[in-house]
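**Q** Residues per chain are reported as follows:
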Amino acid sequence: MIVLADKTTIRLRVFIVGLALAAAGGLVLSVRAQPTRVSSALIVLAILTAVADSLAVEMQQGGVMSVAYPLSSATIILFGPTAGAIVAGLSCIPSAISREDRSWEKAIFNVSQLVLAALVAGWTYWALGGWRLSEDLLSTDNFTHAVLPVLGLAIGAVAVNTGLVSMAISLSTGAPFKNVWQLNYAWTTSTQIALTFVGLVIAQVTASDGMVGLFLFVVPLLIARQFYQRYTGLRSTYAGTVRSLVAVIEAKDPYTRGHSERVASYATAIAGALGLRPTHIEQIELAALLHDLGKVGVSRRILVKDGQLDSEEFSEIERHPAIGAHIIESVPFLADLAPLVLHHHERPDGTGYGEGLSGDEIPVEARILAVADCYDAMTSTRPYRAALTKSAAAAELARGAGSQFDPAAVGALLGWLGSAEESAQYPGLADVGDST
Amino acid sequence: MRRPGLIRIAEAAVLAMALALPWLIPPGSTDLVAASSFFVALLILGLFDVLLPRGDAADVGGALAIGAVLLLNPGVCVAIVVGARVCAHVVQKRGRQLDYLLGSAARRAATTAACSVLAYLLGVKATISHTVGQLSPTTYAGMVLVALCFVLLELVLAQLQSSLRHGRRFIALVLSNLPFQGWLLAAQVSVGLLSVLVFRSMTFWGLALVVLLLVVMRQAFVLLLDIRQAYHSTIEVLARAMEAQTKGRLGHAERVRDIATLAGRSIGLHGSGLESLQYAAMLHDVGAEELSDDQAVEDDGDRCLPSDVPSRSVVVVENVEFLADVVPILRILETPETAPRAGRHHRVVSAYIVSRASDIDDARAGASPAAGTGRAEVVGALLRGQTRREVELAILSAETLVYRTGTEAGSR
Numbered sequence: 261m262i263v264l265a266d267k268t269t270i271r272l273r274v275f276i277v278g279l280a281l282a283a284a285g286g287l288v289l290s291v292r293a294q295p296t297r298v299s300s301a302l303i304v305l306a307i308l309t310a311v312a313d314s315l316a317v318e319m320q321q322g323g324v325m326s327v328a329y330p331l332s333s334a335t336i337i338l339f340g341p342t343a344g345a346i347v348a349g350l351s352c353i354p355s356a357i358s359r360e361d362r363s364w365e366k367a368i369f370n371v372s373q374l375v376l377a378a379l380v381a382g383w384t385y386w387a388l389g390g391w392r393l394s395e396d397l398l399s400t401d402n403f404t405h406a407v408l409p410v411l412g413l414a415i416g417a418v419a420v421n422t423g424l425v426s427m428a429i430s431l432s433t434g435a436p437f438k439n440v441w442q443l444n445y446a447w448t449t450s451t452q453i454a455l456t457f458v459g460l461v462i463a464q465v466t467a468s469d470g471m472v473g474l475f476l477f478v479v480p481l482l483i484a485r486q487f488y489q490r491y492t493g494l495r496s497t498y499a500g501t502v503r504s505l506v507a508v509i510e511a512k513d514p515y516t517r518g519h520s521e522r523v524a525s526y527a528t529a530i531a532g533a534l535g536l537r538p539t540h541i542e543q544i545e546l547a548a549l550l551h552d553l554g555k556v557g558v559s560r561r562i563l564v565k566d567g568q569l570d571s572e573e574f575s576e577i578e579r580h581p582a583i584g585a586h587i588i589e590s591v592p593f594l595a596d597l598a599p600l601v602l603h604h605h606e607r608p609d610g611t612g613y614g615e616g617l618s619g620d621e622i623p624v625e626a627r628i629l630a631v632a633d634c635y636d637a638m639t640s641t642r643p644y645r646a647a648l649t650k651s652a653a654a655a656e657l658a659r660g661a662g663s664q665f666d667p668a669a670v671g672a673l674l675g676w677l678g679s680a681e682e683s684a685q686y687p688g689l690a691d692v693g694d695s696t
Numbered sequence: 009m010r011r012p013g014l015i016r017i018a019e020a021a022v023l024a025m026a027l028a029l030p031w032l033i034p035p036g037s038t039d040l041v042a043a044s045s046f047f048v049a050l051l052i053l054g055l056f057d058v059l060l061p062r063g064d065a066a067d068v069g070g071a072l073a074i075g076a077v078l079l080l081n082p083g084v085c086v087a088i089v090v091g092a093r094v095c096a097h098v099v100q101k102r103g104r105q106l107d108y109l110l111g112s113a114a115r116r117a118a119t120t121a122a123c124s125v126l127a128y129l130l131g132v133k134a135t136i137s138h139t140v141g142q143l144s145p146t147t148y149a150g151m152v153l154v155a156l157c158f159v160l161l162e163l164v165l166a167q168l169q170s171s172l173r174h175g176r177r178f179i180a181l182v183l184s185n186l187p188f189q190g191w192l193l194a195a196q197v198s199v200g201l202l203s204v205l206v207f208r209s210m211t212f213w214g215l216a217l218v219v220l221l222l223v224v225m226r227q228a229f230v231l232l233l234d235i236r237q238a239y240h241s242t243i244e245v246l247a248r249a250m251e252a253q254t255k256g257r258l259g260h261a262e263r264v265r266d267i268a269t270l271a272g273r274s275i276g277l278h279g280s281g282l283e284s285l286q287y288a289a290m291l292h293d294v295g296a297e298e299l300s301d302d303q304a305v306e307d308d309g310d311r312c313l314p315s316d317v318p319s320r321s322v323v324v325v326e327n328v329e330f331l332a333d334v335v336p337i338l339r340i341l342e343t344p345e346t347a348p349r350a351g352r353h354h355r356v357v358s359a360y361i362v363s364r365a366s367d368i369d370d371a372r373a374g375a376s377p378a379a380g381t382g383r384a385e386v387v388g389a390l391l392r393g394q395t396r397r398e399v400e401l402a403i404l405s406a407e408t409l410v411y412r413t414g415t416e417a418g419s420r
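Read top to bottom, the protein sequences are chains A and B.
Per my numbering, the very first residue in the first sequence carries number 261; after that it's consecutive.
Per my numbering, the very first residue in the second sequence carries number 9; after that it's consecutive.
Chain A extracted, bound-state conformation (with noise of 0.2 Å):
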């Protein structure tokens, strides 16, 4: 692990300072074709930028989002591409000193990144046809001319700030860049858009009717920020939440407690080793945390029962996933579950129960739950029976493969196992068989 850091840094390093070089080269060039002068107007942009910036909201897997943006795309528009860059850099140094991390790395990183963004944004805005909006104010008239332009700009800005912001995070933590993008800035795309033009208001504004104008802005602005924030606040935790109630309703069973976090461990590696989205892998955490909901509607005599279960009490069993799925539908967030909940028990060769699919027809969701379930259920002790050691319920599993168990998520699971076992990364696992 430490080695890989190393690298990670190492790579994370070169990345940075040839972003350095990218921006300070091209700042140096767009200086020369288009200098640039300062004005009031300019300042007061500049630090209402900077302003914007140090209440930017931090996303789930570490990057930022900022309403800022609006604010440096109005400066382009006004100023153009070179006011643009050096108004986008200065503004995250405030924010950069205050931070209780102070990290040079990623101050020069943040600089460069914002520098870049706005040079492509305005240069894209400029080639498109755009034009200062401090020496020509947009009309009825040539509105409509202004409008590629500034589509031209969002999307530079978003492309380069949320590419390169995913590749950092995605060099830092090792998880592919795609799935970083994914989590953390495609819900984002479509409103970074709508905030482009939002900067074209303000541009509008500040030109025609000076500063009055521009603090009109604040105030709606300071609201939408607000709202991201306690949104992506609350979202981030919501995981942790459904795992504090579930783990009450399992610990009235000494032979369940902390199944479903463990089954949820096992899923969520499954998924990432199967290369699902990261929206679905979230997905499969929480259907993981909630799979076995529905045993509250079943008999705890039956649950807890020493012993062979007779036909009627193993039909009753058969009813948890029904009842958990029905439980959760009524949550709408939560409906998209209720599938992978009724289906967690189907197996390939049709033999399962929820409703007797096979194959194909099973959710590949249901099918990594499947796995990871029974492989927690093989290695905690049951009333009826002692735990498996690690390589029987591995054995298992793989004997299963094909006929009980989807053997793209036996093979997952085996992957994983084996590998946490080499790097001893995850020391949750080695409590698993302590039961033995």
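Read the hints as simulated data drawn from the structure, not as lab findings.
Warning: the hint list may mix true and false statements.
Unchecked claim - Pair ranges (Cβ atoms, derived):
id, chain 1, residue 1, chain 2, residue 2, range
1, A, A655, B, E326, 33 to 43 Å
2, B, G131, A, D401, 23 to 33 Å
3, B, S44, A, V407, 16 to 26 Å
4, B, Q237, A, R579, 50 to 60 Å
5, B, G131, A, S358, 28 to 38 Å
6, B, T408, A, D609, 54 to 64 Å
7, A, R517, B, R412, 34 to 44 Å
8, A, E365, B, E326, 33 to 43 Å
9, B, T38, A, L397, 22 to 32 Å
10, B, G279, A, T649, 53 to 63 Å
11, B, V98, A, R537, 37 to 47 Å
12, B, S44, A, L397, 47 to 57 Å
All of these numbers come straight from a predicted model, not from anything done at the bench.
Each residue gets a CB set at the ideal place from its N, CA and C atoms; glycine is no exception.
On the provided structure of chain A, position chain B as indicated by the hints.
**A** What follows is chain B alone, placed relative to chain A:
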């Protein structure tokens, strides 16, 4: 709802007067481009109304109505603002919510008419129309005054309607909503003024961009509402699932929440205070759910809860960041002696309501109460005599309502 028929008649009368009165002012020339642009923009925003959990809708078009008030003739202004509202309602096929439409249209019409006349009398409209280039500070001041009047009048009228419909205290509602909605009102004023500025230079294109800004703000609000609703439903469902595991407890938390919600509302709790009370009621016994059956205390053959349940509940709820405001209420139930001494402190009131409602439900169900019985007495002793009497009265009326009608007070 109290006297619904009378309220409807009053609202219809207000709507009719608001539509008619501005025509008493000489209409002058009507800018058709401005009127039609504002109508279309308001109609589009009307389609983006945000449905709130309790069935109301948050209107994002208020800011543009301010723009219309500042730019259009009073009669035309009221007609297009109300017309756009009605059309949006029809397009969305919300035919069954006629009460809501009448209420919102009457409120918006009255506000628009009053502020439009004010803008006319202050001469703001004329100055904006005839000034080329930057407006003077006096004009800006006039615009801000009209916009502030608009948002405050709308807030007051909305709370008056709520007070009449649900029998809540009007002044308390206004005072409690003012700080809560303060920033939103400021945003409405800002965007309203912006719509005037951009319309002057870019006409309908400017309005289109302002609509975009409002839609971005709305999207952020919707995301937040959705995730809050997700938390609410998830916690409710999981709490119910926990109860289902314990014989004889199913429905207890829900009934306690219903009593607590009705009692809390009638003593003036609202917003986050009321929400915390609801969660505290729902989760007050959650600590008992992790006990295995043999850990429950047997009392004359009945299963009853051990005295450390409140402490266990605190431990569970503490792990959930979303429920941070609920922890202090459960802590008061855990150790009443450490509670704040302020006689009307809302958390003490909430803790008292929860413990009393729980005792009431246990008594009605014929179950033995928790081993820590008498907790309600200890918490109640922290309240001032008068406050305690008020709260007690509210709890008793809530009890009557919940057990007689089985009302779903907790639905939000």
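**Q** Can the suggested window of 54 to 64 Å be confirmed for the beta-carbon pair T408(B) and D609(A)?
**A** holds, 59 Å
**Q** Verify the CB-CB distance for T38(B) and L397(A) against the hinted window 22 to 32 Å.
**A** Taking Cβ atoms as reference, T38(B) and L397(A) lie about 26 Å apart, which means the hint holds.
**Q** Kindly confirm whether 53 to 63 Å is satisfied by the beta carbon distance between G279(B) and T649(A).
**A** Since the Cβ atoms of G279(B) and T649(A) sit about 55 Å apart, the hinted range of 53 to 63 Å holds.
**Q** Has the hinted range 50 to 60 Å been met by the Cβ atoms of Q237(B) and R579(A)?
**A** 29 Å Cβ-Cβ, so the 50 to 60 Å window is violated.
**Q** Between the beta carbons of S44(B) and L397(A), is the distance compatible with 47 to 57 Å?
**A** violated, 23 Å
**Q** Taking the beta carbons of A655(A) and E326(B), is their distance inside 33 to 43 Å?
**A** At 42 Å between Cβs, range holds.
**Q** Please test the hint of 28 to 38 Å on the beta carbon pair from G131(B) and S358(A).
**A** Since G131(B) and S358(A) have Cβ atoms about 47 Å apart, the given range 28 to 38 Å is violated.
**Q** Using the Cβ atoms, figure out if V98(B) sits within 37 to 47 Å of R537(A).
**A** Given range 37 to 47 Å: holds, Cβ gap about 40 Å.
**Q** Could you tell me whether the CB distance from R517(A) to R412(B) stays inside 34 to 44 Å?
**A** holds, 42 Å
**Q** Tell me if the beta carbons of G131(B) and D401(A) are separated by a distance inside 23 to 33 Å.
**A** With Cβ atoms ~30 Å apart, the hint holds.
**Q** For the range 33 to 43 Å, tell me whether the beta carbons of E365(A) and E326(B) fit it or not.
**A** Holds, at about 37 Å.
**Q** Quick one: are S44(B) and V407(A) within 16 to 26 Å, going by C-beta?
**A** holds, 21 Å
Consistency note: the structure conflicts with the earlier hints numbered 4, 5, 12.
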